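Trainee: One letter stands for each residue in the lines below.
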Amino acid sequence: MMENIDIRLQGEAILPGEAITYVSGESCGGINVFIGTVRNQTKGKAVVRLEFEAYEKMAVREMEKIARQVLEKWPVEKIALHHRVGTLYPGDIAVVIAVAAPHRGASFAACQYAIDTLKETVPIWKKEIFEDGEVWVAAHP
Amino acid sequence: MMENIDIRLQGEAILPGEAITYVSGESCGGINVFIGTVRNQTKGKAVVRLEFEAYEKMAVREMEKIARQVLEKWPVEKIALHHRVGTLYPGDIAVVIAVAAPHRGASFAACQYAIDTLKETVPIWKKEIFEDGEVWVAAHP
Amino acid sequence: MKITLIAYGIAKEIIGSREISYEISEPASVKTLLEKLEKDYPRLHGLSSLRVAINSEYALGNQAILAMDEVVLIPPVSGG
Amino acid sequence: MKITLIAYGIAKEIIGSREISYEISEPASVKTLLEKLEKDYPRLHGLSSLRVAINSEYALGNQAILAMDEVVLIPPVSGG
Numbered sequence: 001m002m003e004n005i006d007i008r009l010q011g012e013a014i015l016p017g018e019a020i021t022y023v024s025g026e027s028c029g030g031i032n033v034f035i036g037t038v039r040n041q042t043k044g045k046a047v048v049r050l051e052f053e054a055y056e057k058m059a060v061r062e063m064e065k066i067a068r069q070v071l072e073k074w075p076v077e078k079i080a081l082h083h084r085v086g087t088l089y090p091g092d093i094a095v096v097i098a099v100a101a102p103h104r105g106a107s108f109a110a111c112q113y114a115i116d117t118l119k120e121t122v123p124i125w126k127k128e129i130f131e132d133g134e135v136w137v138a139a140h141p
Numbered sequence: 001m002m003e004n005i006d007i008r009l010q011g012e013a014i015l016p017g018e019a020i021t022y023v024s025g026e027s028c029g030g031i032n033v034f035i036g037t038v039r040n041q042t043k044g045k046a047v048v049r050l051e052f053e054a055y056e057k058m059a060v061r062e063m064e065k066i067a068r069q070v071l072e073k074w075p076v077e078k079i080a081l082h083h084r085v086g087t088l089y090p091g092d093i094a095v096v097i098a099v100a101a102p103h104r105g106a107s108f109a110a111c112q113y114a115i116d117t118l119k120e121t122v123p124i125w126k127k128e129i130f131e132d133g134e135v136w137v138a139a140h141p
Numbered sequence: 001m002k003i004t005l006i007a008y009g010i011a012k013e014i015i016g017s018r019e020i021s022y023e024i025s026e027p028a029s030v031k032t033l034l035e036k037l038e039k040d041y042p043r044l045h046g047l048s049s050l051r052v053a054i055n056s057e058y059a060l061g062n063q064a065i066l067a068m069d070e071v072v073l074i075p076p077v078s079g080g
Numbered sequence: 001m002k003i004t005l006i007a008y009g010i011a012k013e014i015i016g017s018r019e020i021s022y023e024i025s026e027p028a029s030v031k032t033l034l035e036k037l038e039k040d041y042p043r044l045h046g047l048s049s050l051r052v053a054i055n056s057e058y059a060l061g062n063q064a065i066l067a068m069d070e071v072v073l074i075p076p077v078s079g080g
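Protein chains in written order, with this note's numbering: chain H, 1 to 141; chain C, 1 to 141; chain Y, 1 to 80; chain V, 1 to 80.
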């Protein structure tokens, strides 16, 4: 079931090379990688740090669902989704998604689908900490 | 003129981490990376190796043009285009494009534009070597 | 019926704890749970969305809640 | 007028050399160059496309060619 899928939810720093190495292979011609990093500002306000928390058991299941959907919908050979939890600072990597496919079009479309869906369905939350306060991202309209 | 643009045409192996490190920064939230690798078969025929040659001076200029177009067309902070020349084997990396943007949508669109345009305009040619012959890719209709 | 209610993100802050024991009347569904919660914790009403997961799966409004279920409040997610 | 003609990829194989000295009649344009080349090297006619770069820029058909120009034959590119 988990063949060709590498899901990680980790407290340690994410290394993009690990996702890239996982999906690489001689039968694929294109690898698309998305790396989400912590920005140093939100709407002009300096971000001090971000705190990520996850409902871990379900987050891993939802990431697995996304990966399986990708393998069903596109001619994709392998996919890796690595997400960080804990305290992150500007420039740190929050998420890496790597998708390998025989042809590049599928790798782009599948990777974009994976990050778009992750942001909608995976139970992970981040709180932005500013000099003068904090806010749970996207919590309020 | 070449600020925020890193172009390389190189005989040595491409390391994706170098393009990713170049574009990374605290003001960007999304990095999209495309890695083009050598497939071990073309239409079912086993590929022994690929030989890439470039009209180097013009290839670098055309890659620079693509990078400048990307910076004009999308809110992109930095872009790296690294292309290999010489003899490559299945699994080797032929090209890496990394694009960093404040938001992910632009990073995907810009990276896809860059690789699509590179394949149309940059004077680089590859010859596929099979067990029983060789062919210049895309040379004939 | 007493259930164990788990909350994350801003929902945890509003409820005041990661995990609380919470009394709901039977028959209980996601809908009746959310209605009671929004009365007891009016700030939940101001969220962009509030979903419930039962046993690690998103639940529909008419889904029944049983005493042994793992019931988790999912405020707007913001991973990535 | 003699020009130096440079060729890459399959065009180099058809011409037989990376660089040849090639005689063209004046006034010379990209179009007249390509017409003469396809007569002298009929296999060029079978390519999916054949472009000419002058001084490292793609040239249009009516563009003039001068003796000191760097003239390069660009068969279908296949980078990436």
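It cannot be assumed that every hint is accurate.
[To be verified] Each computed DSS-like pair below joins lysine-lysine, with the alpha-carbon atoms no more than 30 Å apart: (1) H:K119 - Y:K12; (2) Y:K39 - H:K45; (3) C:K127 - V:K36; (4) Y:K12 - H:K57; (5) Y:K31 - H:K45; (6) C:K73 - C:K57; (7) H:K43 - Y:K31; (8) C:K127 - V:K12; (9) H:K65 - Y:K39; (10) Y:K31 - Y:K12; (11) C:K45 - C:K127; (12) H:K119 - H:K73; (13) C:K65 - C:K127; (14) Y:K36 - H:K57; (15) H:K43 - Y:K2; (16) Y:K31 - H:K73; (17) Y:K2 - Y:K39; (18) H:K127 - H:K57; (19) V:K12 - C:K45; (20) V:K12 - C:K119; (21) Y:K12 - H:K73; (22) V:K12 - V:K2; (23) H:K119 - Y:K39; (24) H:K45 - H:K57; (25) V:K12 - V:K31; (26) H:K127 - Y:K36; (27) C:K73 - H:K43; (28) C:K43 - C:K127; (29) C:K65 - V:K31; (30) C:K65 - V:K39; (31) C:K65 - H:K45; (32) V:K2 - C:K43; (33) V:K36 - V:K12; (34) H:K57 - Y:K31; (35) C:K119 - C:K45; (36) V:K2 - C:K57; (37) C:K65 - C:K119.
Derived by calculation from the structure, the hints in this document are not laboratory data. This one's a predicted model, so the numbers in the text were calculated from it and none came from an experiment.
Trainee: Work down the list of hints and note, for each, if the structure agrees.
Mentor: Verification of the hints:
1. H:K119 - Y:K12: Status holds; Cα separation ~20 Å.
2. Y:K39 - H:K45: violated, 34 Å
3. C:K127 - V:K36: holds, 27 Å
4. Y:K12 - H:K57: Roughly 17 Å between the alpha carbons, so the hint for K12 (chain Y) and K57 (chain H) holds.
5. Y:K31 - H:K45: Violated: K31 (chain Y) and K45 (chain H) sit about 38 Å apart, past 30 Å.
6. C:K73 - C:K57: Since the Cα atoms of K73 (chain C) and K57 (chain C) sit roughly 25 Å apart, the hinted pair holds (cutoff 30 Å).
7. H:K43 - Y:K31: violated, 36 Å
8. C:K127 - V:K12: holds, 12 Å
9. H:K65 - Y:K39: violated, 34 Å
10. Y:K31 - Y:K12: Since the Cα atoms of K31 (chain Y) and K12 (chain Y) sit roughly 19 Å apart, the hinted pair holds (cutoff 30 Å).
11. C:K45 - C:K127: holds, 14 Å
12. H:K119 - H:K73: holds, 19 Å
13. C:K65 - C:K127: At roughly 25 Å apart (the allowed maximum being 30 Å), K127 (chain C) and K65 (chain C) satisfy the hint.
14. Y:K36 - H:K57: Given pair K36 (chain Y), K57 (chain H) holds - Cα atoms ~26 Å apart, limit 30 Å.
15. H:K43 - Y:K2: Violated: K43 (chain H) and K2 (chain Y) sit about 43 Å apart, past 30 Å.
16. Y:K31 - H:K73: It is violated: about 33 Å lies between the C-alpha atoms, which goes past 30 Å.
17. Y:K2 - Y:K39: holds, 17 Å
18. H:K127 - H:K57: The given pair, whose Cα atoms are some 20 Å apart, holds under the 30 Å limit.
19. V:K12 - C:K45: With Cα atoms ~25 Å apart, K12 (chain V) and K45 (chain C) stay inside 30 Å; holds.
20. V:K12 - C:K119: holds, 20 Å
21. Y:K12 - H:K73: violated, 36 Å
22. V:K12 - V:K2: holds, 18 Å
23. H:K119 - Y:K39: The hint holds at about 29 Å.
24. H:K45 - H:K57: violated, 33 Å
25. V:K12 - V:K31: holds, 19 Å
26. H:K127 - Y:K36: holds, 27 Å
27. C:K73 - H:K43: holds, 22 Å
28. C:K43 - C:K127: Between K43 (chain C) and K127 (chain C) the Cα gap is close to 15 Å, so the pair holds against 30 Å.
29. C:K65 - V:K31: Holds. K65 (chain C) to K31 (chain V) sits at ~25 Å (cutoff 30 Å).
30. C:K65 - V:K39: Violated, because 34 Å separates the two Cα atoms, which is more than 30 Å.
31. C:K65 - H:K45: The hint is violated at about 34 Å.
32. V:K2 - C:K43: Cα-Cα ~43 Å, so violated.
33. V:K36 - V:K12: Holds, at roughly 16 Å.
34. H:K57 - Y:K31: The given pair, whose Cα atoms are some 24 Å apart, holds under the 30 Å limit.
35. C:K119 - C:K45: holds, 22 Å
36. V:K2 - C:K57: The hint holds at about 23 Å.
37. C:K65 - C:K119: Within the cut-off at roughly 13 Å; holds.
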